[in-house]
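Engineer: Using the hints, put the two chains back together into the complex; each one sits in its own frame.
Chains as they are written, first to last, in my numbering: chain Y, 1 to 88; chain X, 89 to 244.
No lab work stands behind these hints, which were simulated from the structure alone. This list has only true hints and no planted wrong ones.
Computed footprint of chain X on chain Y, listed as stretches where at least three residues anywhere in the stretch have a Cβ under 8 Å from a Cβ of chain X: (1) 3 to 16; (2) 20 to 27; (3) 32 to 38.
Just so we're clear, the structure is a prediction, and the values are computed from it rather than from any experiment. Glycine included, C-beta positions come from ideal geometry on N, C-alpha and C.
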Amino acid sequence: MTDLDRRLSELRERTAALHARPGFRSRVLAAVAADTASVFGVELVRSARRLAPFAIALALLAAGLAARDERTSSAGVAAIEETLVLSW
Amino acid sequence: LVELTGDALVRYAARLLGNMADAEDVVQESYVKAHRALTSGRFDGRASLKTWLYRIVTHTAIDHKRSRQRGERLATSDTALEVGFDGGAQAESYVALHELEQWLTTLPVEQRSALVLQSLEGFTNREVAAILECSEGAVEQRLVRARAALRDRERV
Chain Y
1 MTDLDRRLSE LRERTAALHA RPGFRSRVLA AVAADTASVF GVELVRSARR
51 LAPFAIALAL LAAGLAARDE RTSSAGVAAI EETLVLSW
Chain X
89 LVELTGDALV RYAARLLGNM ADAEDVVQES YVKAHRALTS GRFDGRASLK
139 TWLYRIVTHT AIDHKRSRQR GERLATSDTA LEVGFDGGAQ AESYVALHEL
189 EQWLTTLPVE QRSALVLQSL EGFTNREVAA ILECSEGAVE QRLVRARAAL
239 RDRERV
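The following block holds chain X by itself, in its conformation from the complex (with noise of 0.2 Å):
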C-alpha cells in the first residue's frame, strides 16, 4: 500500500501543507491510523480505499496546520526550501512548492483544502466532497471562495 500510494498522497500533503518534512510526517501518521482502522476492522469499504487515505491525510495535515498555527511547532513558509535536494527535477518542485506555499498561505485549510483536491490533484467536486464529508454544495462554496480570495489578492 505504502509502495502503490506513498508518492501522491506525500505530493497530496506538500501541496497541503508547503513543505516535505511535514508531509512526509503527515502521510507517515495517517498510514499508522490506517493500519490501526484496518487491523480493528474499522474501515467499512463504503468509500474507495483511494478516497478514504486522502480523507485521513486530509484530517491529519488539518490538524498538523492548525497545531502549527497554535505555535505548537516553530516553522515557517521557508521550510520548502530547508530539505536537501536529490536532484535536478525535484529541485525545481521544491522551488514550485515554494511558490504555491506563498500564494496559498493566506487560504484558510477547508478551502486550501478543496482548491489543491480539485486544481492540483484533479478530484472531481463530488470525490472532494466525499473526501471532505462535506456536500457538494459546500465543496463549490469553499472553491468559489477560495478563487475569490485568491483573485483578490493579485488585485492587491
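One chain only, chain Y, in its complex shape (with noise of 0.2 Å):
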C-alpha cells in the first residue's frame, strides 16, 4: 500500500460518520412538493397554449354558425311578419 493509499483510506475513514443534519429529509421533500407544484403549473399553461388554436377555430365556429341562424331566424320571422301582414 502506497503513503497515497494510505491517506485516501485513512479519510475515507475519518469521513465515514457524515451524515446529513437534521431537518435534511423534511427539507428535501418540501423541495420535490414544490417542484411537482411547479411543473404542474408550467404542464397547464403549455396544454392551454397547445389548445388555444383549437379553441380559437371552435369560438370562430361558433360564432359563424351564430350568424348564418341568425341571418336564418331573422329571414323566418320576416316571413312570417309578411304572412300576418297580408292576413290581415
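Structural biologist: Here it is as C-alpha cells:
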C-alpha cells in the first residue's frame, strides 16, 4: 500500500461518519412537493397554449354558425310577419 | 428512498465538494431531478437505481462546482468548517472533510470524482465508468492522472 492509498484510506474512515443534518429529509420532501406543483402549473399553461388555436377555431366556428342562424331566423321572422300582414 | 440513500449520497457529495452545506443542496436538487425523471418515466432501468442516483448527484455536483468556480457563488474551501457540529464524531468528520478538501482542491473535477468514487466510496472501475458515463479506460486514465498530481503535490 502506497502513502497515497494510506492517506485516502485514512480520510475515508475519518469521513465515514458524515451524514445529512437533521431536517434534511423534510427539506427534500418540501423541495420535491414545490417542484411537482410548479411542474403542474407549467404543464397546465403549456397544455392551455397547445389548445389555444383549437379554442380560437372553435370560437370562430361557433360565431359563424350563430351569425348564419341569426340570418335564417331573421328571414323566418320576416316571412311570418309578411304572412301576418297579408292575412290582416 | 431519501431515508435509504440520503446519508450515503450527502457523504459522497461532501467528499466531492468539500463542504456539507453545498453537499446537502446538491443532493436535494438531485432528488428533485430524480423524482421528476421517475414520474415522467425517464428512468429506463438500464442502470441500477444506486448507479443512477450517484450519476445524478455527480452531474449536479460538477455543475455546482463549475458555477461556483465561475464566481456565481462566493464560497471558499473553509466552508467545511462553517456548518454547525452535531456531535463529537461529526466534528472529527468535518475536520477530516476539511483536510480532504485542502488535499484534493487542485484536482480537476473529472479526476476528483473518479478518485472519490473509487477510493473513498469503494466502487469498482466498471461501476465508476457507469456512473461517470465514460469507458473504463477513461476512468483508469483519470485515476492515474489524479494520483500523479497528488504525488507531485506531496513532493513540492
